[in-house]
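Novice: Residue-level listing of the chains:
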Amino acid sequence: MNRESNRIKDASKKRVLDDDTRTRRLKKALGALEVDNYHDDPHADLVMSKKVPKFSDSFETRGTRKKKGKGPDYYKQRYRKSFSQLVEEDRHFHPEPPNYTSAEAPPSSFPPRHFCAVCGFFSNYTCVCCGTRYCSVKCLGIHVDTRCQKWTA
Amino acid sequence: MSNVYVIDNGAYSIKIEHAEKTEPRIIPNCIMKAKSEKRRAFIGNQIDECRDASGLFYILGFQKGYLINWEAQKTVWDYVFSDQCCKVNFKDSSVIVTEPYFNFSSIQEAMTEIFFEEYECHSLLRINPGDLSAHHYSTTYTKVICCLVVDSGYSFTHIIPYINGKKYKKGIIRIDVGGKLLTNHLKEVISYRQLHVMDETYVINQVKEDVCYVSCDFNKDMIISQKKGKENTIAQNYVLPDYTTVRRGYALPTDQSGQTDNQHLQLSNERFTVTELLLHPSDVGIKQMGISEAIVASVNSCPQETHSYLYNNIVLTGGNMKFAGIEKRIYMEVRSYVPEEYDVSIHLPSDPVTYVWQGGVQLSRSSNFYSHLVTKEQYEEEGTQICYVKFDV
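Note that the protein sequences, when read in sequence, are chains A and B. The opening position of the first sequence corresponds to residue 237 in our numbering, with each subsequent residue numbered one higher. The opening position of the second sequence corresponds to residue 4 in our numbering, with each subsequent residue numbered one higher.
Source of the hints: derived by calculation from the structure; they are not laboratory data. Take these hints with a grain of salt, some might be off.
Not the full set, but computed from the structure, chain A residues with beta-carbon under 8 Å of chain B [stated by the list, open to error]:
no.: 1; residue: Tyr274
no.: 2; residue: Tyr311
no.: 3; residue: Pro348
no.: 4; residue: Ser359
no.: 5; residue: Tyr361
No residue lacks a Cβ here, since even glycine has one placed at the ideal position from N, Cα and C.
With these hints in hand, go ahead and build the complete structure from the sequences.
Specialist: Encoded structure:
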C-alpha cells in the first residue's frame, strides 16, 4: 500500500511554470501597482455634441477670441514625450552620473522576507507550480483554487 | 514689499498660496470622473462637490513622478490659478514652483515656457522640494550645516543629502515606492482576501490614511494580528461609505466591532504590512533597498567628515511620513546600522506635507532671495539657457 499523499502524487501532473514565466508574472504584478486606474473611463462612452453650449462660457468671453491662453490641447501637441522616451533622452544628454538612472536605489543587502500570498502571514513554503508563497495547506488550497494557473502570464 | 507665490507642485496635490499666508491650500492635482455624475469632470478640489465618489476615475498630469500629461496639468493649473480657486495675480509676482529631482530637460523647458509665456509671471524660481525643506530646517536650526532630507511622496521616495546648504547630487537615492503604490497594494490585497475594491482608489486611499501605521516591532505585531477575538488588538473594522447615509468611511471603535449593518472591511495584518513596503520594497519583489538602508547608503556616499552631521539631522517630509510610528521605526533601524560613535536624530515636522511650502515662504523672506530668480525680461533676452545656469535641479 502506497502511503504517499495525494497532493504530492498530483504535483507531477501539473504544469510547472518556468523561470521566465515567473519573472513575467512578477513584472506584470509590479506594473499593476503603478497604474492610476484599474477600470475604464466611465465617461468614455459619452458622445459629446459640439453644438451643446458649454456652461462655463460666460457671455463676455463667447465670440471674442482671447488674446492668449493656448488651451490644454496646444500643450498636448507641443510636449508629447512618453516617460520612456524622456529616460532615453536623458541617458543620451547626461550619460555621466548622477542622473535619473544612477539615482535608483541598489538592491537590499538583506534577504527578502516571504509572506503568504493568501493570508499575509510569514510563509515557509512555495507552490511547486508557480512559485507563489503560502503558509499552510488551507492557504495552498485557496491559492490553487483561485490564482495558481489562472493568471494569463 | 515682497509679492511671492509658493507652489509645491506635487504629483498628487498642489500646495499653493501667497507667501504672506501662514498655511497653503492643498488641492488635488488631478481631474476626476465619477460614475454618478456623467455631465462633468471634477478638477482639483471640485471633488468636494461630488456626492458619490465611488469608482472615481483619475487623470493625473504626473507619471512615475514626472510631468508627462501636459493636457491634464494645464487644465488643473488653469482652474487652480483662476478666480474660482486661488485667484492669483502672477503679473507682478515672483513664483516659486517645485519640480522633481533630476527633472528631464524638456520638462524643465516646458515649465519655464508655460510660467513665463502662458501665465506671464514676473519672475520665476524652479527648485527641488528638498531644497526648500533643507532651507526650512536650516532656518529653524541655524547652527546646522548639513542635513539629510527624506522626501516620500505619491510616486516615489528620495533621500537627499545637503552639505553646507548645497545638494550633494551623487548621494541622492530614489526608491520607487510611494503613496500610490501603497494604495494599489492595499487595494489588491483587500480585493483578493475579502471584497472587490479595485475600482475604489479614492476610498481605499482614505482607508490607508485612516488605519495604516508603521510597526515598531514587526514580528510581534504579526503574532498579535494572527490571534483570535479580543487578544488581537490590531484587528480593526472599517465602515465603507455608501454615499447615502455614510459620506466618508471611518474606523469602527474597537468596543463596537461587529456591530454595524453597513458594509465594512476587516483589517488586521494589512494595517502594517502595506506600509512595510517603504522599508522593505523586496516584500513585493521590488529589487531595491528600503528607506533606512538607503539613508545609510546615501550618507556613505558623502565625504567622511559630513557623516556625523548628516546622521544627526535627518528630516522626514512628504505624505507617507504621516503614518504613525514611522519616525520611531526609521530611528530604530538606522540606529542599528550605524556605528555607535555617531548620534542619530530624526526630525519629523508637525506637518510633513506642508513643510516644503513653509520652506518656500522662508526662502522668499531671505535677503538674497532675488538673486535666485529669473525675471521675464531675462528669459525673453536669453531664453531657456539662463534657467539652466540659475536653477540647480
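Novice: Are the hints correct? Go through all of them and say.
Specialist: Consistency of the hints with the structure:
1. With a cut of 8 Å, the hint placing Tyr274 (chain A) at the interface with chain B holds, because the nearest CB-to-CB distance is about 4 Å.
2. Using the Cβ-Cβ criterion of 8 Å, the hint placing Tyr311 (chain A) at the interface with chain B is satisfied: the shortest such distance is roughly 4 Å.
3. Here the hint on Pro348 (chain A) is kept, as its CB sits about 4 Å from the closest CB of chain B, short of 8 Å.
4. About 11 Å separates the beta-carbon of Ser359 (chain A) from the nearest beta-carbon of chain B, more than 8 Å, and the hint is not met.
5. Checking Tyr361 (chain A) against chain B: minimum C-beta separation of about 17 Å lies over 8 Å; hint violated.
In summary, the structure is inconsistent with hints 4 and 5 from the numbered list given earlier, while agreeing with the others.
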